[in-house]
Structure formats: C-alpha cells, structure tokens
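A.B. asks: One line per chain: the protein sequences are A and B, in this order.
With this note's numbering as the guide, the letters of the first sequence map in order to residues 1 to 427.
With this note's numbering as the guide, the letters of the second sequence map in order to residues 428 to 682.
Do not rely on the hints blindly, as some may be mistaken.
[As the list claims (entries may be wrong)] As a list, the in silico SDA-like pairs of lysine to any residue whose alpha-carbon atoms are at most 20 Å apart:
{"no.": "1", "chain 1": "B", "residue 1": "K490", "chain 2": "A", "residue 2": "I419"}
{"no.": "2", "chain 1": "B", "residue 1": "K524", "chain 2": "B", "residue 2": "E513"}
{"no.": "3", "chain 1": "A", "residue 1": "K242", "chain 2": "B", "residue 2": "D446"}
{"no.": "4", "chain 1": "A", "residue 1": "K304", "chain 2": "B", "residue 2": "N440"}
{"no.": "5", "chain 1": "B", "residue 1": "K530", "chain 2": "A", "residue 2": "R321"}
{"no.": "6", "chain 1": "B", "residue 1": "K530", "chain 2": "A", "residue 2": "I325"}
{"no.": "7", "chain 1": "A", "residue 1": "K304", "chain 2": "A", "residue 2": "R327"}
{"no.": "8", "chain 1": "B", "residue 1": "K507", "chain 2": "A", "residue 2": "R321"}
{"no.": "9", "chain 1": "A", "residue 1": "K242", "chain 2": "B", "residue 2": "K669"}
{"no.": "10", "chain 1": "A", "residue 1": "K244", "chain 2": "B", "residue 2": "K669"}
{"no.": "11", "chain 1": "B", "residue 1": "K530", "chain 2": "A", "residue 2": "V178"}
{"no.": "12", "chain 1": "A", "residue 1": "K83", "chain 2": "A", "residue 2": "L99"}
{"no.": "13", "chain 1": "A", "residue 1": "K242", "chain 2": "A", "residue 2": "E301"}
{"no.": "14", "chain 1": "B", "residue 1": "K530", "chain 2": "A", "residue 2": "R420"}
{"no.": "15", "chain 1": "B", "residue 1": "K530", "chain 2": "A", "residue 2": "L310"}
{"no.": "16", "chain 1": "B", "residue 1": "K530", "chain 2": "A", "residue 2": "L334"}
{"no.": "17", "chain 1": "A", "residue 1": "K242", "chain 2": "B", "residue 2": "I656"}
{"no.": "18", "chain 1": "B", "residue 1": "K524", "chain 2": "A", "residue 2": "R311"}
{"no.": "19", "chain 1": "B", "residue 1": "K548", "chain 2": "A", "residue 2": "R327"}
{"no.": "20", "chain 1": "B", "residue 1": "K530", "chain 2": "A", "residue 2": "R311"}
{"no.": "21", "chain 1": "A", "residue 1": "K241", "chain 2": "B", "residue 2": "L572"}
{"no.": "22", "chain 1": "B", "residue 1": "K490", "chain 2": "A", "residue 2": "R420"}
{"no.": "23", "chain 1": "B", "residue 1": "K490", "chain 2": "A", "residue 2": "L334"}
{"no.": "24", "chain 1": "A", "residue 1": "K241", "chain 2": "B", "residue 2": "C491"}
{"no.": "25", "chain 1": "A", "residue 1": "K83", "chain 2": "A", "residue 2": "S154"}
{"no.": "26", "chain 1": "B", "residue 1": "K530", "chain 2": "A", "residue 2": "I419"}
{"no.": "27", "chain 1": "A", "residue 1": "K422", "chain 2": "B", "residue 2": "K490"}
{"no.": "28", "chain 1": "A", "residue 1": "K241", "chain 2": "B", "residue 2": "K447"}
{"no.": "29", "chain 1": "A", "residue 1": "K242", "chain 2": "B", "residue 2": "K490"}
{"no.": "30", "chain 1": "A", "residue 1": "K244", "chain 2": "B", "residue 2": "I656"}
{"no.": "31", "chain 1": "B", "residue 1": "K508", "chain 2": "A", "residue 2": "S261"}
{"no.": "32", "chain 1": "B", "residue 1": "K490", "chain 2": "A", "residue 2": "R247"}
Since the hints were made in silico from the structure, they are not lab data.
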Amino acid sequence: MDLRKSYSYFKDFFKELLKRDNWEFKKIMCIVSIVFSSLVAIIGFASVAMSVYIGDIFLRFLLGTIAILISILLFYSYIKLHKKKELASLIVFVVIVFLLAYYMPLFPPQYELKAYDVDASILKFMITSFILIIVGILGASFSMKPLYNFTSKSSQASAYYVLTVAILLILYPLVVIVSSIVSNGIGGISWEFLTQDVSRHGSKGGVFPAIVGTLLLLMGTVFIALPLGIGSAIYLQEYAKKGKIVRVIRIGVDVLQGIPSIVHGLFGLAFFVPIFGISLLSGILIMSFLTLPIIIRSSEEALKSVPQSLREGSYAVGATRWQTIQRVVLPPALPGIITGTVLGVGRAAGETAPIMFTAVVFMGAGTPTSIFDPIQALPYHLLELTRYIGAYPVDQNAWATALLLLSIVLGMNAIAIIIREKYRVEF
Amino acid sequence: MTSKNKIKMDIRNLNLWYDKSQALYDITVPVLENKVTAIIGPSGCGKSTLIRCLNRMNDIINKCRIEGSVIMDDVDIYEKKTDVVEIRKKVGMVFQKPNPFPKSIYENIAYGCRIAGIRNKKKLDEIVENSLKEAALWDEVSDRLDDSAMGFSGGQQQRLCIARALAINPDVVLMDEPCSALDPIATAKIEELIRELVKNYTVVIVTHNMQQAARVSNYTAYMYLGKLIEYGGTKQIFENPKEESTENYITGRFG
C-alpha cells in the first residue's frame with residue numbers, strides 16, 4: 001500500500017535526520033522549516049474545519065516565519081552550493097510569501113458578490129486558510145531541496161511529501177463531513193427516535209417507518225437487480241460473441257448509468273405510478289433500474305478478472321460452457337459481484353429523487369402490508385425535515401436522520417470492503 | 428508392444444485461419460498410439476495452434492475457421508455431429524502455464540469426474556489417489572489434499588494439472604510447452620513423468636526446447652511458418668534431417 005510505503009519512507013527520513021553525528025546547521029534549519037511549514041498547513045486545515053479566522057497578527061507571524069526560514073536556507077545554499085539556477089524557484093516563492101504576509105491582513109473581512117448578481121460572499125478566513133495550506137505544503141517541499149543539496153533525491157523527497165499530503169487532502173472532506181454529522185446527530189439518536197413514528201412535522205417522534213421502508217426498498221432492489229445484473233454480465237462477458245450487438249448493449253448500460261436520478265424518478269412517475277400507484281413496488285422497480293448498470297459493470301469486471309486459462313483448463317476436461325461458468329468462473333468472481341451489488345444498493349439507499357414521486361410519503365405510511373402500499377424512506381424524510389427547518393424545531397431530528405442514513409450507507413460500503421478483502425482470490 | 432505403429436489420431440490436410448490470416452497450411456501428420464510425438468519449431472510457427480486443434484480448443488476463439496479433418500478412432504472430430512465435450516474427455520490437455528483452479532487439490536482433480544456425473548465419494552477418492560500417483564505427486568501432497576492448490580510451487584501445480592488431465596482417463600494427453608514456466612529440476616521431474624505416462628497414454632508435446640524433444644519423444648514433427656516441414660522418428664530428425672530448414676533449426680543456425 002502506498003500509505004504504508006510513504007510511512008516507512010518518512011520513518012527512514014527521520015531516522016536519518018536524528019543521527020546526532022550528522023547534525024549540522026543546514027540540516028537543523030531544514031528540519032525546523034519543514035516542521036514549521038507542516039504546522040502552518042495543519043493550522044490552515046483546522047481553520048477551515050472549525051470556521052475560525054486565525055487573526056491578522058498570527059497570520060503575519062506564520063507566513064513571515066516561513067519566508068524568513070526559507071530565505072536563510074536560500075542564502076546558506078547560495079554560499080555553500082553555488083546552485084544559482086535551482087535557487088530561482090525558491091526566490092520567487094520567498095518573495096510571494098513576503099508579499100502575502102504583508103498584504104493578507106489588509107484584506108476586507110468578506111467580499112460581497114452582489115455586483116455579480118450572486119447573493120453570496122467570499123470570506124477572508126477561507127482565502128487565508130487555503131493560502132496557509134498551500135504555503136505550508138510548498139514551504140515544506142521547498143525546504144527539502146537544500147536538505148538534499150538539490151540532487152535528484154531532493155525532488156524525490158518533496159514529491160513524496162506532496163503526494164502524501166494529497167492523500168490526506170482526499171480524506172479531509174470525509175473526516176469533516178462525517179465528524180460534523182456525528183457530533184450534531186448523536187444527541188438525537190434515542191430509543192424513541194428509532195422506534196416511533198413521525199409526529200409534529202418531524203420535530204417529535206422518530207423514524208421507525210422510514211427505516212423499515214428503506215430496508216424493504218433495498219431488499220426488493222437486490223431481489224430484482226441482482227439476478228438480472230449477474231445474468232446480463234454473464235451473457236455479455238461469457239456467452240455473447242464480441243460484435244456490434246454487445247457493443248450497443250454495453251453502451252446502453254453505460255448510458256443507463258449516466259441518467260440523472262431525477263429523470264429516473266420522472267420516468268417512474270409516468271410509467272409505474274399509473275399502474276402500481278405510489279407504492280413500494282414502483283420504488284423497487286425504479287431503484288432496480290438505477291442500480292442495475294452498477295451491478296452489471298462491476299460483475300463484468302469481476303468475471304473479466306478470472307483468467308482465461310482457468311476456463312481453458314475447465315473446457316479441457318470436458319466441461320460445457322455452463323458448467324465452466326457455474327463451477328470455475330463464478331466462485332472466484334462472486335466476492336467482486338457482491339461488492340459491486342452492495343455498492344450499487346448503497347448508492348440507491350441514499351437516493352431521494354427516484355422515489356420522491358413514485359414510492360414515498362412523509363408520514364402516515366406506517367409499516368407497509370403489501371408491495372402496493374406507499375412507504376416512508378430515510379432520504380426523503382431528511383429532505384422534508386430540511387424544508388421545515390426554521391418553521392418547526394426539527395434540526396435535532398434532521399441531524400439524527402442524516403447520521404442514520406450515513407451510517408447505513410457507510411456500513412454497506414464497509415461490508416463491501418470486508419467481503420472483497422476477505423474472500424479475494426489471488427491467481 | 429502389440430500396437431506398435433497404430434495411428435491414434437490422424438491429422439489430414441488441416442488448414443486454419445484466425446480471421447483472415449492463415450495460421451496452418453495443409454498439415455498432414457499422424458499421432459501414433461502409446462508414443463510421444465513432439466512438435467518443435469520457432470516461435471509463432473503454429474505449434475500451439477496445431478496441438479489445440481487436437482481437442483478442438485480453438486473452438487472458443489472468435490473468428491477461428493478450420494478446414495480438414497482429424498480422425499480419432501475412425502471418427503472425424505471436426506464432423507458436425509461429433510460432441511466436443513466427448514472429444515475433450517478423450518483428449519486431455521496440459522497448458523503452458525500451470526492453471527489449477529482456486530480450489531483444494533482434491534476438488535481440482537475430482538472436478539472432471541464431478542462434471543462427468545461421478546458422485547460416489549469412494550470412487551472419487553480412488554480416482555484422486557490414482558491420478559496423483561500417476562502424476563508422481565501423491566507422496567508430496569497426500570496429507571494436504573484439502574489445501575488450496577494456489578499455495579503450491581509451479582512444478583507441483585503443473586503436475587497437479589497433469590493429474591487433473593489424467594483423472595478423466597483420457598486416451599491422449601496434449602502438453603503445450605508444459606515446462607516453459609518451470610525450473611530445471613521441476614522440468615526433469617515432468618520429463619520423467621512423460622516417459623512413464625507413455626506406457627498407458629498417447630502423448631503429444633509442444634516444446635521450444637530441442638533437447639527436451641530429443642530426450643522424451645519417439646517421433647518429432649518440425650514446423651515452420653504454419654507448414655509442416657518434416658516428420659519422422661526423433662532419432663532420424665535430430666541426426667539425419669532430410670530438409671535443410673530442419674537442419675538449420677536443430678543446429679541452432681536460426682530460431
């Protein structure tokens with residue numbers, strides 16, 4: 001894994017640095033500069049995450065210190081190493097940071113966008129924290145250059161640093177979103193919330209019918225979409241001769257996957273609701289359309305990953321095509337197929353648009369007794385609650401519903417990952 | 428041996444096209460019963476294509492067209508009414524790269540029998556044991572029959588594939604460069620195995636390695652650019668080739 005690799009790389013890096021006998025001025029300066037720059041980037045992150053402006057004087061101090069640290073490194077390397085050309089980018093960087101340190105605090109606290117007919121504003125703290133993140137990352141990566149005397153090792157070290165930070169950047173929104181939902185929603189989760197029906201526009205009571213409805217919807221979707229999806233994938237991958245028809249079908253599947261979910265919803269309203277009414281069945285059918293392409297595509301990939309030589313080995317002992325698929329191809333492909341299905345259904349669990357016209361009501365559905373009854377569902381419940389925010393005291397329940405929905409979807413993804421890792425077959 | 432020169436499979440005027448390019452030109456060569464027939468030749472000359480014709484493995488390749496006939500036991504395996512599954516039960520195959528199924532050793536070998544409809548546990552046990560013994564693998568794996576086949580070494584996996592091919596009790600065993608992915612020790616074991624197998628089976632082997640052909644085979648066919656150049660006893664081919672092309676290849680002047 002890349003993360004583990006870069007971890008061990010950094011471990012070696014710090015081990016190398018901590019050897020007392022090769023401590024010298026340049027190294028200490030570089031380490032101080034790297035650590036300080038990283039700290040600045042982290043402060044930038046934290047400032048966005050917590051919506052806090054860090055203050056003009058502190059900002060000036062942070063940026064100014066980076067600029068001074070790197071200028072010291074710059075002079076030192078110029079005197080010791082005479083690498084004029086390589087120093088150019090550092091000089092530009094230092095000049096920019098000095099300018100930022102002087103001018104950033106002079107910005108007005110927010111820019112109104114009214115002049116552009118947009119009712120919004122860009123906040124200063126957003127700009128400054130992003131600048132801090134960027135300057136911090138660049139500062140650290142520039143300080144690695146003098147550390148390794150501008151050799152190819154230095155560009156390698158700074159590349160590793162930037163890539164590792166990039167991985168953290170990907171995780172960052174996830175952490176912010178999940179942590180804010182959990183911290184806001186955990187207070188609303190109670191036995192009452194999980195087991196009672198909606199009352200008073202969602203400000204009291206719970207979401208029990210919505211949980212039941214969502215689960216029924218997902219089960220029905222799996223029931224319809226899984227056999228169809230696996231069947232189509234087997235046909236496309238194993239039976240069909242590669243020609244025009246298969247290509248057209250495959251393009252069709254991709255197009256189906258690209259259809260916006262609200263269009264699915266309208267389609268259901270036009271075609272299923274007149275026949276089945278606003279009902280669980282309509283919702284299941286639409287959700288199956290939505291998840292089918294994901295299941296087909298991932299099943300195809302899973303089947304493709306079974307080497308052709310295994311199929312040949314099976315044919316060579318007199319197996320028919322179906323026996324080969326059934327006994328040799330499907331078993332190792334199954335974890336991949338199940339993973340794809342769970343991911344597809346996980347996506348369906350969070351969708352509101354396809355079911356809002358076809359299957360759900362906000363309250364009063366209770367536990368459906370037949371597939372022709374309407375249901376309540378968590379994402380739609382959340383949508384309605386957010387509409388009532390301000391009008392009724394529903395905030396607590398809205399956050400709790402979001403938390404519940406998030407845990408269902410993340411839980412399904414976790415199951416998919418566990419299945420994939422545990423039952424993966426290496427060839 | 429009584430059936431000293433009986434022809435087991437007779438390839439007659441075989442032509443093969445992949446889409447529009449012809450890969451085999453008018454091949455006519457016999458495969459003698461209870462003998463090892465080696466097919467040698469430089470890369471891309473059609474050796475593998477030819478051996479895959481013998482159990483109709485080329486059927487599963489798109490746009491592959493075959494003309495001519497392969498007669499086995501008085502039946503043309505390319506006739507329309509011939510059942511390809513029956514052919515493959517009589518003609519087993521071992522591939523270039525060991526390709527055990529990701530199952531246990533036992534299931535790997537019992538696979539062919541199971542799909543043929545044998546469900547009797549006792550009989551399956553017996554077949555598994557006999558096949559493993561025939562493939563000289565029994566002593567190494569007899570206590571690990573339930574272990575996954577993927578955990579064994581390349582040489583063991585290849586012998587497992589041979590055992591799998593033998594389990595359905597074929598008449599002919601085709602080997603498509605069975606040793607090209609193996610080290611010299613595993614190769615030596617497989618060559619010894621081939622010399623044993625030929626007492627009960629007819630073996631056809633494709634090989635890059637001319638020393639191997641000389642060591643294990645009774646008859647040798649030399650192919651070049653999709654054509655059969657020369658066929659004869661191995662000793663004659665290696666010591667006294669009639670064609671110049673054969674001599675050039677065998678003496679290492681090209682290929």
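A.B. asks: Report the numbers of all earlier hints that the structure fails to satisfy, in ascending order.
C.D. replies: 1, 2, 4, 9, 10, 11, 12, 17, 21, 22, 23, 27, 30, 31
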